[in-house]
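Novice: In case you want the letters, here they are:
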Amino acid sequence: MTHLRIRTPEGVEFALPLAGPVIRAAAYLIDVAIAMAATFVLSILLSVVSLASRDLASGLIQVGFFVVPILQGVLLEWFWNGQTLGKRALKIRVVDAEGLRLRPHQVVLRNLLRAIDFLPAFYLVGGAATLLTRSGQRLGDVAARTVVVRIPSPVSPNLDPILGHRFNSLRSHPHLAARLRQSINAQEAGVALAALARRDQLDPADRVRLFAEIASGFRERVPFPSDIDEALADEAFVRNVVELLYRPSGTLADAPQDGMSRLGGR
Amino acid sequence: MILDLQRFLAQERPHWEALDAMLHHLANGGTLGLEDARRLHRLHERAVADLAKLATFAAEPESRRTLEALVARSYAEIHSVEAGAQPRWNPWRWFTQSFPKAFRRHASAFVVALASSVLGVGFGAAVTMADPDSRHITMPFGHADMRPSERVRRDEAAGDSAAVHDMHASFSGMLMTHNTQVSILATSLGMTWGLGTLVILFYNGVGLGAIGVDYIVDGQGPFLAGWILPHGSVELPAILIAGQAGLVLAHAMLGRGSRLPFGRRIRAVAPDVATLLGGVALLLVHAGVVEAFLSQYHEPVIPYAFKIAFGILQGTGLAAFLLLSGRTGTESPDQP
Numbered sequence: 023m024t025h026l027r028i029r030t031p032e033g034v035e036f037a038l039p040l041a042g043p044v045i046r047a048a049a050y051l052i053d054v055a056i057a058m059a060a061t062f063v064l065s066i067l068l069s070v071v072s073l074a075s076r077d078l079a080s081g082l083i084q085v086g087f088f089v090v091p092i093l094q095g096v097l098l099e100w101f102w103n104g105q106t107l108g109k110r111a112l113k114i115r116v117v118d119a120e121g122l123r124l125r126p127h128q129v130v131l132r133n134l135l136r137a138i139d140f141l142p143a144f145y146l147v148g149g150a151a152t153l154l155t156r157s158g159q160r161l162g163d164v165a166a167r168t169v170v171v172r173i174p175s176p177v178s179p180n181l182d183p184i185l186g187h188r189f190n191s192l193r194s195h196p197h198l199a200a201r202l203r204q205s206i207n208a209q210e211a212g213v214a215l216a217a218l219a220r221r222d223q224l225d226p227a228d229r230v231r232l233f234a235e236i237a238s239g240f241r242e243r244v245p246f247p248s249d250i251d252e253a254l255a256d257e258a259f260v261r262n263v264v265e266l267l268y269r270p271s272g273t274l275a276d277a278p279q280d281g282m283s284r285l286g287g288r
Numbered sequence: 005m006i007l008d009l010q011r012f013l014a015q016e017r018p019h020w021e022a023l024d025a026m027l028h029h030l031a032n033g034g035t036l037g038l039e040d041a042r043r044l045h046r047l048h049e050r051a052v053a054d055l056a057k058l059a060t061f062a063a064e065p066e067s068r069r070t071l072e073a074l075v076a077r078s079y080a081e082i083h084s085v086e087a088g089a090q091p092r093w094n095p096w097r098w099f100t101q102s103f104p105k106a107f108r109r110h111a112s113a114f115v116v117a118l119a120s121s122v123l124g125v126g127f128g129a130a131v132t133m134a135d136p137d138s139r140h141i142t143m144p145f146g147h148a149d150m151r152p153s154e155r156v157r158r159d160e161a162a163g164d165s166a167a168v169h170d171m172h173a174s175f176s177g178m179l180m181t182h183n184t185q186v187s188i189l190a191t192s193l194g195m196t197w198g199l200g201t202l203v204i205l206f207y208n209g210v211g212l213g214a215i216g217v218d219y220i221v222d223g224q225g226p227f228l229a230g231w232i233l234p235h236g237s238v239e240l241p242a243i244l245i246a247g248q249a250g251l252v253l254a255h256a257m258l259g260r261g262s263r264l265p266f267g268r269r270i271r272a273v274a275p276d277v278a279t280l281l282g283g284v285a286l287l288l289v290h291a292g293v294v295e296a297f298l299s300q301y302h303e304p305v306i307p308y309a310f311k312i313a314f315g316i317l318q319g320t321g322l323a324a325f326l327l328l329s330g331r332t333g334t335e336s337p338d339q340p
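Sequence order for the protein chains is A and B. Each residue of the first sequence is one higher than the one before, counting from 23 in the working numbering. Each residue of the second sequence is one higher than the one before, counting from 5 in the working numbering.
No lab work stands behind these hints: they were computed from the structure. Each residue gets a CB set at the ideal place from its N, CA and C atoms; glycine is no exception. Among the hints, erroneous ones may be present.
[Unchecked claim] Non-contacting residues of chain A with respect to chain B, defined by C-beta distances greater than 12 Å in every case (computed):
id	residue
1	28
2	47
3	48
4	50
5	69
6	73
7	77
8	189
9	221
10	245
11	250
[What the hints assert, rightly or not] Just so you have them, the derived chain A footprint on chain B, three or more residues with Cβ under 8 Å:
id	stretch
12	152-160
13	263-271
Start from the sequences, fold in the hints, and give me the full structure.
Specialist: Okay, here's the thing in structure tokens:
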């Protein structure tokens with residue numbers, strides 16, 4: 023399962039993308055590095071205490087080495103709404119498995135139960151559990167009823183270098199444009215956008231073949247009148263479709279319309 | 005139905021932004037009045053309805069993803085609200101009420117943890133009596149390397165020497181961290197359907213039984229009681245409570261006698277498991293201090309009778325606290 027799916031009482035489903043074991047391990051390593059740095063700083067600060075009592079400083083350092091990593095996880099996840107520094111850096115977050123607000127006992131449990139996830143060494147139990155459980159949970163997450171999700175970036179791709187600001191002839195048939203938007207799913211739209219973004223890196227023959235294939239799929243889905251369809255090369259057709267999908271508000275309505283630009287060709 | 009997406013986004017975006025602003029306000033610790041709470045609910049329902057409409061526009065991924073993230077936040081905010089006003093978490097109330105109440109709610113798990121340890125004590129004692137050479141396997145912390153009478157002679161001769169006096173804090177810190185690690189492991193192993201928890205409690209008992217019988221047979225019973233009771237009267241129950249928490253987790257995993265699904269069963273006991281572990285941590289801090297600052301002093305520095313009386317009084321006080329504290333108060337729903 024790649025998403026945590028939650029159905030609201032209104033019957034509407036929403037999905038949060040689950041974080042994979044690799045990104046979680048990377049976030050954990052960042053946290054470990056920060057905890058080590060924090061305990062190192064703590065031991066330097068406590069060296070002042072050792073001037074008064076070496077025994078007391080030694081005791082505090084022992085407790086500090088044990089407590090700092092645990093407190094770091096618990097306090098940061100609680101006050102930063104499911105995030106530690108590592109999770110924040112890699113844009114992942116701990117959430118309740120049923121989409122509810124994270125509670126303190128959940129944060130405490132998932133952090134303390136690392137003890138079993140770490141067994142026998144190097145997170146083997148926890149790593150195996152993330153691969154075997156449906157929501158990618160380690161045992162601490164199972165006990166705390168939490169999952170780790172990716173935070174979708176709210177930033178849209180920068181479309182200007184890819185699409186430019188040309189007239190889009192497909193917009194002259196709004197009912198067909200609307201049908202096209204409904205018939206193409208997000209994955210197909212993503213493939214077309216990626217192809218446009220990398221078009222200059224492709225071998226010319228491969229480029230022609232790739233866009234012919236993508237365009238034919240779109241054309242079969244929603245046929246446009248032949249005067250528009252035939253005036254557009256495959257790549258231009260794909261670009262216009264992608265522009266329709268990713269710029270639904272139609273920023274080109276007032277764009278100058280002349281020559282090739284008017285037809286959306288290169 | 006074909007949706008005019010441009011008009012739809014232009015019309016709905018202000019409502020999503022208003023919902024986002026309210027959620028930000030709440031996330032930053034803000035509160036809402038009754039009218040604002042109603043507005044939050046209305047905005048959430050509107051966003052949910054918008055998401056349902058937008059789902060038909062699968063090729064409009066950005067708006068849908070943004071709206072899904074927004075609905076996830078508002079869903080969590082609205083559906084996590086519990087009935088009645090929740091009091092602020094109060095550490096004192098948590099320790100004196102929530103902790104002992106959680107202990108009593110799961111008293112049967114404590115009895116099972118105790119039984120497992122007692123079995124271990126009996127096994128350790130029996131094996132050591134039957135085969136003294138087994139001490140090298142059953143006794144932890146190097147106890148097998150020295151006869152009890154030799155150790156008593158050495159420790160009593162040390163008295164209040166600098167070697168003992170200058171390591172209180174470091175020894176105390178070591179004990180706290182070690183015992184807390186063992187306790188966390190005992191609880192965590194509840195996730196092995198309780199088998200790991202029972203094994204660790206049994207193993208802990210074996211060492212205790214083996215050492216106990218070794219000292220008693222060697223005629224060092226008073227030393228042993230004076231050494232163990234001051235800190236053990238808190239430390240041993242604390243480890244048993246950690247085992248109790250593990251067994252509570254295990255019981256929820258097994259689901260015996262419950263018709264609730266797995267997730268609900270775990271969710272129901274998780275606050276108590278966290279509360280028990282929090283209580284254990286505090287008890288172990290206390291036990292660590294007592295062990296370093298009192299248990300390590302022997303006669304002639306501190307009479308054994310005093311140490312034994314201290315341990316008995318402390319153990320009785322802990323039992324009374326766990327059995328009686330919070331009986332008249334109201335349960336706190338908060339956790340450590």
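Novice: Against this structure, judge whether each hint is valid.
Specialist: Comparing the hints with the structure gives:
For residue 28 of chain A, the condition that its CB be more than 12 Å from all CB atoms of chain B is violated, with the nearest at approximately 7 Å. Against chain B, the non-interface label of residue 47 of chain A holds: every CB pair exceeds 12 Å, the least being about 19 Å. At roughly 22 Å, the least C-beta separation between residue 48 of chain A and chain B is larger than 12 Å, which holds for a residue marked as non-interface. For residue 50 of chain A, the non-interface assignment is confirmed: its Cβ lies about 17 Å from the closest Cβ of chain B, beyond the 12 Å cut-off.
With a least CB separation of 14 Å from chain B, residue 69 of chain A remains clear of the 12 Å interface cut-off, as annotated. No beta-carbon of chain B is positioned within 12 Å of the beta-carbon of residue 73 of chain A; the least distance is around 15 Å. Chain B draws residue 77 of chain A into its interface by the beta-carbon criterion, the shortest separation being 5 Å against a cut-off of 12 Å. Remark: the non-interface label on residue 189 of chain A is consistent with the geometry, its nearest Cβ contact in chain B lying 17 Å away (cut-off 12 Å).
The claim that residue 221 of chain A is not at the interface with chain B holds, since no C-beta of that chain comes within 12 Å of its own (minimum 20 Å). Consistency note on residue 245 of chain A: stated as away from chain B, and its beta-carbon is indeed over 12 Å from all of that chain's, at 17 Å minimum. Every Cβ of chain B is farther than 12 Å from the Cβ of residue 250 of chain A; the closest lies at roughly 19 Å, confirming the non-interface assignment. With a cut-off of 8 Å between beta carbons, the stretch 152-160 of chain B has 0 residues touching chain A; three or more are needed, and the interface restraint is violated.
With a threshold of 8 Å between beta carbons, the proposed coverage of the stretch 263-271 of chain B by chain A holds, since 3 of its residues qualify and at least three are required.
When the structure is compared with the earlier hints, violations turn up for hints 1, 7 and 12 and for no others.
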